[in-house]
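Trainee: Here the protein sequences come in this chain order: A and U. Numbering-wise, the working numbering puts 40 at position 40 of the first sequence, and it's gapless, one number per residue. Numbering-wise, the working numbering puts 6 at position 6 of the second sequence, and it's gapless, one number per residue.
Hints in this document: simulated from the structure, not taken from any laboratory. The structure displayed is predicted, hence computed values, not measured ones. Every residue gets a Cβ at the ideal spot worked out from N, C-alpha and C, and that includes glycine. Treat the hints with caution; some may be incorrect.
What the hints assert, rightly or not - One-sided and incomplete, this derived list gives chain U residues near chain A with beta-carbon spacing under 8 angstroms:
no. : residue
1   : Asn4
2   : Phe6
3   : Pro13
4   : Asp14
5   : Thr44
6   : Glu72
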Amino acid sequence: MASMRDIKRRKVSIQSTQQITKAMKLVSTVRLQRAKARAERSHAYFQCMYTTVCSIISRSGNTDHRYLKKGDSDKKLVITISSNRGLAGGYNGNVVKLITKNDETADWKKEDVKIYAIGNKGREGLARAGYEIVANEADIIEEPLYSDAQMVSADVLARYESGEIGEIYVAYTDFKNTVTHVPTLIKVLPVETETDSEDEKAELSIPMNYEPEEDEALDLIIPKYVTSIIYGALTQALASENGARMQAMDSATSNAEEMIGNLELQYNRARQGSITQELTEIIAGAEAIS
Amino acid sequence: MAENVFDLQIICPDRVFYEGKASMLELNTSEGEVGIYKNHVPMTMILAPGAAVITEENGEKKEAAVHAGFIEVLQDKITVLAEVAEWPDEIDVKRAEEAKIRAERRLAEKNPNTDMARAETALSRAIARIYVAK
Numbered sequence: 001m002a003s004m005r006d007i008k009r010r011k012v013s014i015q016s017t018q019q020i021t022k023a024m025k026l027v028s029t030v031r032l033q034r035a036k037a038r039a040e041r042s043h044a045y046f047q048c049m050y051t052t053v054c055s056i057i058s059r060s061g062n063t064d065h066r067y068l069k070k071g072d073s074d075k076k077l078v079i080t081i082s083s084n085r086g087l088a089g090g091y092n093g094n095v096v097k098l099i100t101k102n103d104e105t106a107d108w109k110k111e112d113v114k115i116y117a118i119g120n121k122g123r124e125g126l127a128r129a130g131y132e133i134v135a136n137e138a139d140i141i142e143e144p145l146y147s148d149a150q151m152v153s154a155d156v157l158a159r160y161e162s163g164e165i166g167e168i169y170v171a172y173t174d175f176k177n178t179v180t181h182v183p184t185l186i187k188v189l190p191v192e193t194e195t196d197s198e199d200e201k202a203e204l205s206i207p208m209n210y211e212p213e214e215d216e217a218l219d220l221i222i223p224k225y226v227t228s229i230i231y232g233a234l235t236q237a238l239a240s241e242n243g244a245r246m247q248a249m250d251s252a253t254s255n256a257e258e259m260i261g262n263l264e265l266q267y268n269r270a271r272q273g274s275i276t277q278e279l280t281e282i283i284a285g286a287e288a289i290s
Numbered sequence: 001m002a003e004n005v006f007d008l009q010i011i012c013p014d015r016v017f018y019e020g021k022a023s024m025l026e027l028n029t030s031e032g033e034v035g036i037y038k039n040h041v042p043m044t045m046i047l048a049p050g051a052a053v054i055t056e057e058n059g060e061k062k063e064a065a066v067h068a069g070f071i072e073v074l075q076d077k078i079t080v081l082a083e084v085a086e087w088p089d090e091i092d093v094k095r096a097e098e099a100k101i102r103a104e105r106r107l108a109e110k111n112p113n114t115d116m117a118r119a120e121t122a123l124s125r126a127i128a129r130i131y132v133a134k
């Protein structure tokens, strides 16, 4: 059995770890509240932009626009949103897995995928897996601003237009609620629209007019659409990150609690053992004298 | 009157700016100023910095400054996706006036290095803000 001193030392060390995890949990809870409120506020824009752009595009017969048809290049650019710091459970790993699991499928060759990394952990994970990292914007994820999203979208669109890449995806973690976060991969460009239901098709029979001309209007709208998707993904990811970290730290704290309980028990047993042993020795000594 | 109203949504990246029924919406688009009633032909327009005037169901008028974005007009619904939208009481007039003077100076200088389009947008933004705020 371990000595009393060893047990005590271990207990103290676990206690200080627990203090850290507890503090981190509190911090991420506060951050989560803020990020969640923000994600909810921007969700309306994100959603509305998506439905509006889908309806605009399905109403316009023209699919020759450069943003609506597939680019010449086979290269895919994936904007990967992860966090800069770890200790968030599977949060970063799941985003990385989202991309690496496509490895086996035929149309997702590793050589064809370029990574636009936002957040250090995702970049590290994907660089280790052998993906090409074309850009790294680690600072954005700390406090994502709309202007950051504008900068990223301008950058990726420039790459798209120059023919360097043919498709743009965003990999991020969707924030369903405080405990559910779903890693999601969405295609941004070329824009894909789904019109399944009959009602929608009927409604779509009214053609859309553009002012200015259609091409010009789409030229202006699509970058805004891309920006809004990136911004939405950033706010969602930030909320998910803090949610994931809060959960991870919560379970770490309760694990520490459990370990401390066990060690306490062991320590008490060891203490009782040493007392008993001492007593036996004293009694034996006294007997020997008399 | 009630049958002439449409649903109006003005949405910004960080909030739902306005949601409600309106009988008319006036806006500044890239092609000039427009006023839209119900049953307008479906149309997509690009916003230019300017004042948006919302005439509500009860005839009350509300003004706001909207800067960039686009609008989708359907027969009974108008969605404005604005990158920036502000009510008059949210506008800092002093700052807008300073921005206006700055932009005017930059345009007057005719320095080949300045981004003219950007200075012009900045100017029209400042003008829109000042117009709405007063």
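Trainee: Evaluate each hint against the coordinates.
Mentor: Results of checking the hints against the structure:
Using the Cβ-Cβ criterion of 8 angstroms, the hint placing asparagine 4 of chain U at the interface with chain A is not satisfied: the shortest such distance is roughly 20 angstroms. Because the smallest distance between the Cβ of phenylalanine 6 of chain U and any Cβ of chain A comes to about 15 angstroms, over 8 angstroms, the interface hint for this residue is violated. Because the beta carbon of proline 13 of chain U sits about 5 angstroms from the nearest beta carbon in chain A, less than 8 angstroms, this interface hint is met. With a cut of 8 angstroms, the hint placing aspartate 14 of chain U at the interface with chain A holds, because the nearest CB-to-CB distance is about 5 angstroms.
The interface hint given for threonine 44 of chain U holds, since its Cβ lies 5 angstroms from the closest Cβ of chain A, which is under the 8 angstroms cut-off. Contact between glutamate 72 of chain U and chain A, as hinted, is supported at the beta carbon level, the nearest pair being about 5 angstroms apart and thus within 8 angstroms.
Of the numbered hints given earlier, the model fails hints 1 and 2; all others are met.
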